[in-house]
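K.L.:
Residue-level listing of the chains:
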Amino acid sequence: MIRKLAVTVSGLTLVLLAGSAQSSGCCDETPRWKLSNAIFTGYDSSIVAVPGNDTRVNLVLLTADRQAPMRLAPPAPGERPLDSGMLPFFNWGGFKASLQPAMPSGEDGREGSRCASNASGTKAFEAAITAQGGIADGERRGLIAQRRAMQPNCVNDASNASIDAATGVISDAARPFAAYLEGAQAFYVGNFDVATARFTALAAAKNAWLKETALYMVARTALNRAQSGAFTDYGSLEDPAKRDAAAAGVAGKAFDAYLRAYPSGTYAASARGLMRRVYWLAGDQRSLAAEYAKLFSIHDPARRGIDAFTLAEEIDQKLTAGPTDAITDTTLLAVADLARMRAAADRYSSAPNERTFALAELEAQRARFAADKPLFDYLLASHAFYVANRPAEVLRIIPDAARQARFGYTDFSRQMLRGFALEATRDRNARGFWIEMLGGATQPLQRQAVELALAMHEERNGGLARVFAANSPIRDPNIRGILLGYGAGPDILRQQASGGGLSKAERDAALFVLLTKQLGRGLYAGFLGDLRLVDRGARVASGDFNALNFRGATYGAVNPPPLGLFTAPGGSGDYGCPALREIAGALAKNPGAPKPLICVGEFMRVNGFDKFLLDITPPKDALGGAPSLFPGKPYSRLEAYKLVIADATAPANDKAYALYRAVNCYAPAGANDCGGIEVGRAQRQAWFQRLKRDYPQTQWAKSLNYYW
Amino acid sequence: MAACALLAACHEAPTQVVDAAQYDAFWLWAGVLPQPVLNRAKTLYILEGEVIARDPARLTPLRAATPRLPGRDLWLVVRVETLRWGPDVVADMRGRLARWRDAGNRVIGIQIDFDARTKHLDEYSSFLRDLRRRLPRETKLGITGLLDWSANGDPAQLLTLGDTVDEIVLQTYQGRRTIPGYDAYLAKLERFPRPFKIGLVQGGEWRAPLSLRANPQFGGYVVFLLNPPAPVDRGRVLRH
Chain A
354 MIRKLAVTVS
364 GLTLVLLAGS
374 AQSSGCCDET
384 PRWKLSNAIF
394 TGYDSSIVAV
404 PGNDTRVNLV
414 LLTADRQAPM
424 RLAPPAPGER
434 PLDSGMLPFF
444 NWGGFKASLQ
454 PAMPSGEDGR
464 EGSRCASNAS
474 GTKAFEAAIT
484 AQGGIADGER
494 RGLIAQRRAM
504 QPNCVNDASN
514 ASIDAATGVI
524 SDAARPFAAY
534 LEGAQAFYVG
544 NFDVATARFT
554 ALAAAKNAWL
564 KETALYMVAR
574 TALNRAQSGA
584 FTDYGSLEDP
594 AKRDAAAAGV
604 AGKAFDAYLR
614 AYPSGTYAAS
624 ARGLMRRVYW
634 LAGDQRSLAA
644 EYAKLFSIHD
654 PARRGIDAFT
664 LAEEIDQKLT
674 AGPTDAITDT
684 TLLAVADLAR
694 MRAAADRYSS
704 APNERTFALA
714 ELEAQRARFA
724 ADKPLFDYLL
734 ASHAFYVANR
744 PAEVLRIIPD
754 AARQARFGYT
764 DFSRQMLRGF
774 ALEATRDRNA
784 RGFWIEMLGG
794 ATQPLQRQAV
804 ELALAMHEER
814 NGGLARVFAA
824 NSPIRDPNIR
834 GILLGYGAGP
844 DILRQQASGG
854 GLSKAERDAA
864 LFVLLTKQLG
874 RGLYAGFLGD
884 LRLVDRGARV
894 ASGDFNALNF
904 RGATYGAVNP
914 PPLGLFTAPG
924 GSGDYGCPAL
934 REIAGALAKN
944 PGAPKPLICV
954 GEFMRVNGFD
964 KFLLDITPPK
974 DALGGAPSLF
984 PGKPYSRLEA
994 YKLVIADATA
1004 PANDKAYALY
1014 RAVNCYAPAG
1024 ANDCGGIEVG
1034 RAQRQAWFQR
1044 LKRDYPQTQW
1054 AKSLNYYW
Chain B
31 MAACALLAAC
41 HEAPTQVVDA
51 AQYDAFWLWA
61 GVLPQPVLNR
71 AKTLYILEGE
81 VIARDPARLT
91 PLRAATPRLP
101 GRDLWLVVRV
111 ETLRWGPDVV
121 ADMRGRLARW
131 RDAGNRVIGI
141 QIDFDARTKH
151 LDEYSSFLRD
161 LRRRLPRETK
171 LGITGLLDWS
181 ANGDPAQLLT
191 LGDTVDEIVL
201 QTYQGRRTIP
211 GYDAYLAKLE
221 RFPRPFKIGL
231 VQGGEWRAPL
241 SLRANPQFGG
251 YVVFLLNPPA
261 PVDRGRVLRH
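Sequence order for the protein chains is A and B.
The first sequence runs 354 to 1061 under this note's numbering.
The second sequence runs 31 to 270 under this note's numbering.
Derived by calculation from the structure, the hints in this document are not laboratory data.
There could be a bad hint or two in this list.
[Said to hold, decoys possible] With a straight-line Cα cutoff of 30 Å, these simulated DSBU-like cross-link-like pairs (lysine-lysine) come out:
no., chain 1, residue 1, chain 2, residue 2
1, B, Lys72, A, Lys964
2, A, Lys986, A, Lys1055
3, B, Lys170, A, Lys964
4, A, Lys986, B, Lys72
5, A, Lys857, A, Lys986
6, B, Lys218, A, Lys1055
7, A, Lys995, A, Lys948
8, A, Lys995, B, Lys170
9, A, Lys559, A, Lys595
10, A, Lys964, A, Lys986
11, A, Lys595, B, Lys72
12, A, Lys973, A, Lys986
13, A, Lys595, A, Lys476
14, A, Lys647, A, Lys726
15, B, Lys72, B, Lys149
16, A, Lys942, A, Lys1055
17, A, Lys671, A, Lys647
18, A, Lys948, A, Lys973
19, A, Lys595, A, Lys606
20, A, Lys595, A, Lys726
21, B, Lys170, A, Lys1055
22, A, Lys857, B, Lys218
23, A, Lys995, A, Lys942
24, B, Lys170, A, Lys973
25, A, Lys671, A, Lys606
26, A, Lys1045, A, Lys973
27, A, Lys559, A, Lys671
28, A, Lys1055, A, Lys973
29, A, Lys1045, B, Lys72
30, A, Lys995, A, Lys1055
31, A, Lys995, B, Lys72
32, A, Lys564, A, Lys595
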């Protein structure tokens, strides 16, 4: 019975929020740990406004300096603070969720979403009618009951008969409320003519709430009327030519009228928001862009009526294809320009980048950026770096301003770009530059990005030992984890495992990597010596351990690496293997001994070390992608079996088992699970036949029915 | 072509790209504009919303309005990034389903688009079993799948997965492109133990092995439609 503990060292799993909502999305959505990123994937945006970011992220970053300061959302009860778990790379959803508490959803412009306001509308109606004098209790109760009974579903269901709210209503004070109810009912069932008529007539109402609400509802009705023909059969927005621009115009005038009469009214923020929807429906990109520009200039989100993240999403959805000449706001323009600097090649092709953004075109925008030269310079420098591949230009355009008390996000991006250029030109001041930046990197996610840049420098310039020195400024556990997992050699790992390290989780993970790699790469003496570092009570069961995440609610303390596997007194697998200590001892004396070799394989197989992710080097330009300091070749069961199969002196049973296991490497579908150098189907067939022919009495020959 | 005469495993049709006009089942994603080929569609997989990883995860709408497509078979597609759903997601999903049906659509079922890790198919199966229990009885449950499952998935887990859902559509593409090396994966489909369909991307490279047609589990194609690329990349203001 194969005991699959599945030690899935899953590499760079994207943890979007510490603790909760760990996406088990597929393999290829792991971010590439590279800050100067021009390839858009959707899941490796960072806190530096680079072309590879999601445009919504860049929008938030470039407006962040004009907004209330961004803050990390408070953790849910029982969760750890977010900055202890966020990776430097994220997708839009994770970014939004981590830096902002969830905003309640309301009417969102989808067809039928007018029903979303029903609950709050009911409450307001009740309050208003209760406060109004001159209404008999019976009338009041009746009208409130009718309002509560309205449970619209907004599917334009004409069978929802209109109500006649006036039944039983006698007093003058109550009659307008009844009329309002009829209007509301008509609104919710999509009978816009009746709704408009009722609300328009209430312009003369004496009750202040009715008067204001009715004026607002005239506009909302007009908007919904305009929307009702605006969508295709498929539920997407129609071509502008097919939409009813006149109806949108009527709605626009109606919202204008409301805002003129009630500039700070109860529905003012909503009305302003809905005006944007009017522009969107009317295809009026110019007005829409101007509205967004106005919104950016309002610092206070309460006054603005919409938070930065929702705004970024709305812009992204609504401000679609249209020439950039319609855009005067420098931030929107900058975000669009950065997106055009993206590398056209996707992750799979190595074709040369085909960029279509000439410098002359960017230069032609200079006048529009007159009030924001630093942003324009950032665009020029980005163009030089990502499009023209002239990093030296960056140094000329953006002067050194690394030493700050506090970086805004735009300044931060400028200086980070300067740092990228220093690295690209192999400037000897690069390291000092990053260290200087640390002091001002105080806003959320900034410090992490600088630590990452510094770590990448150290990794490529022989400075890995500095990262793990006692006074190292690089403290982010994920960065340290990646370097320990991929780049570190036995010396650094042993240092961290022996009491160095920022936490027990890091010590344990370093030891785990040290033992695994020494065992797999034939460093048996070292392995035996380091076994003494394993705690007596170390865990044996593994769960879903990820060697690269060394702390946080999910890893480290709660899910420590199963170091007890290495010191377990019994052996693993199906071949009567002894404890690992004995196996390693035998191999230390004779590295080719067949049964011990097989037994290492059993240990690796049973405990899920096949395709060990820390043996697969990340891309060259990403963190962990520099040549590893750990000697030897990654472990492969297949190669071990090949050795035993080729060993003329190996006992028959060992040979048979090795053949059996080698064939099984390709089960169940012909893909090799055991690493090493691939063999073809013919070779697997040959092994199969040899097992059957030469060792027919063994249980292995008897139980193997297929090859793959 | 001359090489074909020499190679033993020469059983493949010539390379071509996917011409949507040759198919009648399509995915229509958010932001993808309707195109003429939709008029002949018999089955449409329409993206309605997504469940992205946030706390709590909610169903975020991605389609401005309810489709109105009487006479076709519709699947309501939800793109999923995390299986840790907040309490409202299934209720929202049922609400959207009801709204689609109220609008006169024949909605066959809900399709979940989630890239489950090959080593975690059993977790995914149990999640889907639970989801199915909470959906209306006459609604089918379908999923998209990865080629990697057929190559590296545990056969027992694949069986269980196949028994839990009504349909699996294996995707041969990522983003806008066919996955390189897809033919190696397809060769392994001979072992896939349950009925499946194949998902293609419009305009993507595609060369159907003849063995696919002979495979009794193969149930046809679904094509992911794309917007035509803009001739010059200017004025593409903001698109993520």
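K.L.:
In ascending order, which of the hints set out earlier in this document are inconsistent with the structure?
P.N.:
1, 2, 3, 4, 8, 9, 13, 15, 16, 18, 20, 21, 22, 24, 26, 27, 28, 29, 31 and 32
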